[in-house]
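Fit chain S to the supplied structure of chain Y, relying on the hints for placement.
Residue numbers (the working numbering), protein chains in the order written: chain Y, 1 to 335; chain S, 1 to 292.
In case anyone wonders, no lab produced these hints; they're calculated from the structure.
Wrong hints could be hidden among the right ones.
Said to hold, decoys possible - With a Cα cut of at most 25 angstroms, we get these calculated PhoX-like pairs of lysine-lysine:
no., chain 1, residue 1, chain 2, residue 2
1, S, K34, Y, K106
2, Y, K106, Y, K189
3, S, K185, S, K34
4, S, K185, Y, K62
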Amino acid sequence: MDEPDGISSAAILVSGLTKTFDEIEAVRGVDFEVHTGEVFGFLGPNGAGKSTTINMLCTLLKPSAGSATVAGHDVVRERDAVRRNIGLVFQDPTLDGYLTAEQNLKMHAELYGVESALVAPRMRQVLEMVGLWERRSATVMTFSGGMRRRLEIARGLMHSPRVLFLDEPTIGLDPQTRRSIWRYIGELKEREEITIFMTTHYMDEAEFCDRIAIMDQGQIVAMDTPEALKAGVGADRIRVETADDATAMAVLARRFEIDASVADGVVTFYVTSGEAFVPRLFAELGVPIKSVNVSRPTLDDVFMTFTGSTIRDAEESGPANQSRAMMRAMAAGRR
Amino acid sequence: MTTTTAAAPAEVVRVRVPERSVRSELRAIWIVWKRELIRFRADRMRMITSLVQPLLFLFVLGAGLDQLSSASTHGIDLKTFIYPGVLCIAVMFTAMFSAASIVWDREFGFLREMLVAPVRRSSIVIGKVLGGATVASFQGVILIVLAGAVDVPYDPALILGIFALQLLLAFSITAFGVMVAARIKQMQSFMGLMQLVVMPMFFISGALFPVTNLPGWLAVLTRLDPLTYAVDPMRRLVFSHLDGVSAAARETLAPGVTWWGWHVPALLEVAMVFLLGMALLGIAIWEFSTSE
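Only chain Y is shown next, with the shape it has when bound in the complex (with noise of 0.2 angstroms):
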């Protein structure tokens, strides 16, 4: 990559990124690209491997093998170089408690060497994006957890990073507060050549991205827009209590060839025009029908379709994750 600053139309570049630890390869082998301008959506469970990627694009973790390149430059070889053009948020907190809203960000802008002159004018920018500019003189200490994420944000745009990280932006956040943190981020791709990459395990929050990639276990298993990963799915789904979902099954089997499962006395089956297929199912089932309910496909249908799992399930199912939410439910507890 000897393209200067800018000049690569992709932010971020990955081939084959692959990181071990230990006998466990927590990511195996990742493609993708992210072009400037992006929202770009990286989705999973947890221990999906989301964060260990992450880690390696932040310059935080050395990969075990593949490259990656951010704001065009190497994540390995350019390592200050890609420091200096990323913003960063991570799942974790870590603000400094004692100091003021302000404190922290002025000490972000001289660790991160801001000319001195516009730090006061962007750190009254950013601090007004995300309505804490009020409260810029109290100690953080006395922050929501909602309000201490807006200034990890604020802080991370401090020095206009022309790639923006935020790992997690949203967990353990109320609905209000990450409706809130969704209009920062929009509002921020509006105004500032910012390119934005981010990790969530919450379905609903991929579709503000313009392109999502769905990981699990290490491996990127789908990547395209929101839409067209629904549209891949390409079947509405129906859910039917009905007086005896033996025989519903049974009927929806031999008369329309369908698949469907039952759960907690719900039959759901997927058809390809939803509206259409309801009429039919009342006049052709022959048992009856106490409620439908259609709903065009959502992005954990796309997850369910991916990985043959829900995104709930698959991080029950992981021993490591239950270890490391333990982890983290011990180290909310201490503060």
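Only chain S this time, still in chain Y's reference frame:
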């Protein structure tokens, strides 16, 4: 570049992160140092609590044992005798606590914010050590103010000398603490290690007793304890400024450290503390540069 002073909300203030340079490293050192001071100022409780122990040693233990020892101290108040030692202890404990903050920083994640910045790890470590040393020497200054209460004169040369010595000690101890903290992930372990290392160092150093005529094994230990070489020049400095100290008293109370009968010069002792501090700083930098 715009020349407007206030940030107009409509236009984006775009900043640029410069290439790494000496200036950017100095800024990093400066801000890490400054953060230590801001945090110390915010933590008034710590200022007070860390004073309790040295004051107990100086006034309670000093006054109490003075009853027993007045015969052998040749008329010198025991408080005066242990003053240099207590000063060293106060500085040492504060310095260790300052270094311990790096373990907190790791536990609370802030260390990560510093380590991912586009500056050398050494700048972060140097800033941290200088900050810790500065905070610890504040503690020393409070004790210097108390000098009059234990019959140590407020001689400008003496005060400057004490200040310089305790600054040096604070630096070396903080470097030691940061080196230890580099590998430690939890505060409890750090505190445990403090008990294991710092307490013996303090007891053995001769802060509370003269290092002559000790049983053989203890004499060896005192000479191996680095703190001995900070306490000794401090005490010799204080004694050289006291009025009316008899030769016998000086011989008993501030005899200086000897190696196989050879009197170690104060300057060499100071140089040892300094070099040890530098070496520990070097190890600390190396540890942080190779981790993560």
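Agreement of K34 (chain S) and K106 (chain Y) with the hint, judged by alpha carbon distance not exceeding 25 angstroms: 11 angstroms, holds
Holds or violated: K106 (chain Y) to K189 (chain Y), with C-alpha atoms at most 25 angstroms apart: Holds: K106 (chain Y) and K189 (chain Y) sit about 24 angstroms apart, inside 25 angstroms.
Straight-line alpha-carbon gap K185 (chain S) to K62 (chain Y), limit 25 angstroms: The hint holds at about 21 angstroms.
Given hint K34 (chain S) paired with K185 (chain S) - CA-CA distance at most 25 angstroms: Holds: K185 (chain S) and K34 (chain S) sit about 24 angstroms apart, inside 25 angstroms.
When the structure is compared with the earlier hints, no violation turns up for any of them.
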